[in-house]
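Enquirer: Listed below are the residues making up each chain.
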Amino acid sequence: MSAEAGYDDPDTRPLDSARSTRGRDAWRRFRRNRAAMTGLVLLCLILLAACIGPFFTPFDNETPDWSAFRAPPSLEGGHWFGTDQNGRDLLARTLQGTRVSLAVAAVATLVAVMIGVVFGAIAGYVGGRLDQAMMRFVDVLYALPYILFVILLMVIFGRNVYLLFAAIGCLEWLTMARIVRGQTLSLRQREFIEAARAAGLSSTAIVRRHIVPNLVGPVVIYAALTVPEIVATESFLSYLGFGVQEPLTSLGTLIAEGTDVFEVLPWLLWFPAAFLVTLLLSLLFIGDGLRDAFDTRGRG
Amino acid sequence: MLGYAFRRLLTTIPVLWIAITACFFILRLAPGGPFDGERPLPAAVKANLAAYYGLDDPLLVQYFSYLGGVLRGDLGPSFTTADFSVAEQIAIGLPYTLIIGSLAFVLAVVLGVLAGVLGALYRDRVADWAIAALILLGLVLPNFLIAPILQLVFGLTLDWLPVGGWGGGALTHLVMPVTVLALPHIARISRLMRGALIEVMNGQFIRTATAKGLSRATVIRRHALKPALTPVVSYLGPAAGYLLTGSIVVETIFGLPGIGRYFINAALNRDYGMVLGTVVFYMVLIVILNLLVDLLYAWLDPKVRT
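Residue numbers (my numbering), protein chains in the order written: chain F, -14 to 285; chain C, 2 to 307.
With the rest of the complex left out, here is chain F (with noise of 0.2 Å):
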């Protein structure tokens, strides 16, 4: 090993080398965790597989195949993963499926991560009597189950997608708030928002250019971890009958729908549980592996 490589380690590299920056010391970090790159490789796949995959599948989500219901899963037959008691191809439904996972999961964490950002900001730069009034709101909101919430508002609003992105971001975004806050706290003592002020630069101008840049790493690292987190309840929300409706699918539906014929069509059960576990843990291993990338304290 050369001295050059030596480094490369951001751990015994001095901290006045030139071009180093928190973020490519965290993203070395994180390459080095083998979990963490694992979940990122299974994500991409399944990414892939969910939005290009439906384009080289023979078979759509909702058209049914009268030469074959309740198909085990086979390759000569077309059908990989089998067909359901309608005919449709498993595959494509999975995929489907899938897609409307993944794509709750990005909607839901960006309005929980716009809502928790601006909020936790405000609060913590204005500080004073608005920063207790705004951090009760959010202890009050802490002690309900908001799970109850979003089965009211499917009751209510009828099972529509998008009202389930919105409503599963809307909740999500109180520990973020509490985050940010806390972070803004600290950085509002520091000396180069006191220069900024000094500047003459108004406070709007203050929280979008130097607060809110300072918040990436925690906020990247907090918002990955609430990503399985919004998987997992819109899978939830769908095994209890309050999601996606037909013919749209997602893995909570496929799952709940497979879990009443498992015994007789285990396929129906296997495949979409096997892609919701992947996910999750994938989502997981690239959460825990972007704390500790980008939190050097908890490491040793």
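Honestly, the hints are just simulated from the structure, not real lab data.
All C-beta atoms, glycine included, are put in the ideal place defined by N, C-alpha and C.
A hint or two may mislead.
To give an idea of the chain F side of the interface with chain C (calculated C-beta under 7 Å), a few residues [what the hints assert, rightly or not]:
no., residue
1, L137
2, A258
3, L265
Given chain F, work out where chain C should sit, using these hints.
Expert: The following block gives chain C in isolation, referenced to the frame of chain F:
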């Protein structure tokens, strides 16, 4: 301690009030009434029904009479089962939910703490890895997936346990639902416990205790365990809430007659009165459980009381 308990009690009142108000108005916003069935009712019948249930009063009047009812323990009428009020149905279902919930709670705490301590003591050795792998499974497998797998393996293939039903509360009927309900919390608690114990074991006072010649077992039992338990205790409040909502799924899968099933049936049948009643009841229960856990926490850790 008493002062803290009183202040903590005062803060739960606005929480409950906001929860009940939000639920009430969300449900009243619902398009269509509870009596819009497949066959339209004659206008006169509908008006009579609305008058009977007080749905023709102004919204605020309905709200305050509902609030008053909740204070007296009256959760209003159910719109589909005329013979039983919401409170009566909840009273029927509650014992079942409480039994599996509390058993799962105890199981989760005992096994979770045990697994966490073992993981911390055998850190980075085979036992730790094995426990970590099991915990990962508990975290990742959703309960609606574990339940059918257990039913298939232990109920149908091995034929050791009944697949579902209450069975008069026989232990064999309880094993699977309680296990499924407890599993994710065993996983979370053991993770918290392992992390906390490892941190505590690095503390100065542990080194002092070891230096004065105490055995490892005594050090852990007498000095390390209590401070390491605080994150676990603070998780118990949310855990109680998760157990209640988790039991919705478990009751549905195992065919147990608890409130979770009433809630799901009411939600799927759009019985708004029952949905509102059960949600309000769940909220009250969860807020009370949170309060109890907070008081326990304050008792364990005097710093919180200020």
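Enquirer: All hints, please: hold or fail.
Expert: Hint check:
no.	hint	verdict
1	L137	holds, 6 Å
2	A258	holds, 5 Å
3	L265	holds, 5 Å
Violated hints are absent here; each numbered hint is respected by the structure.
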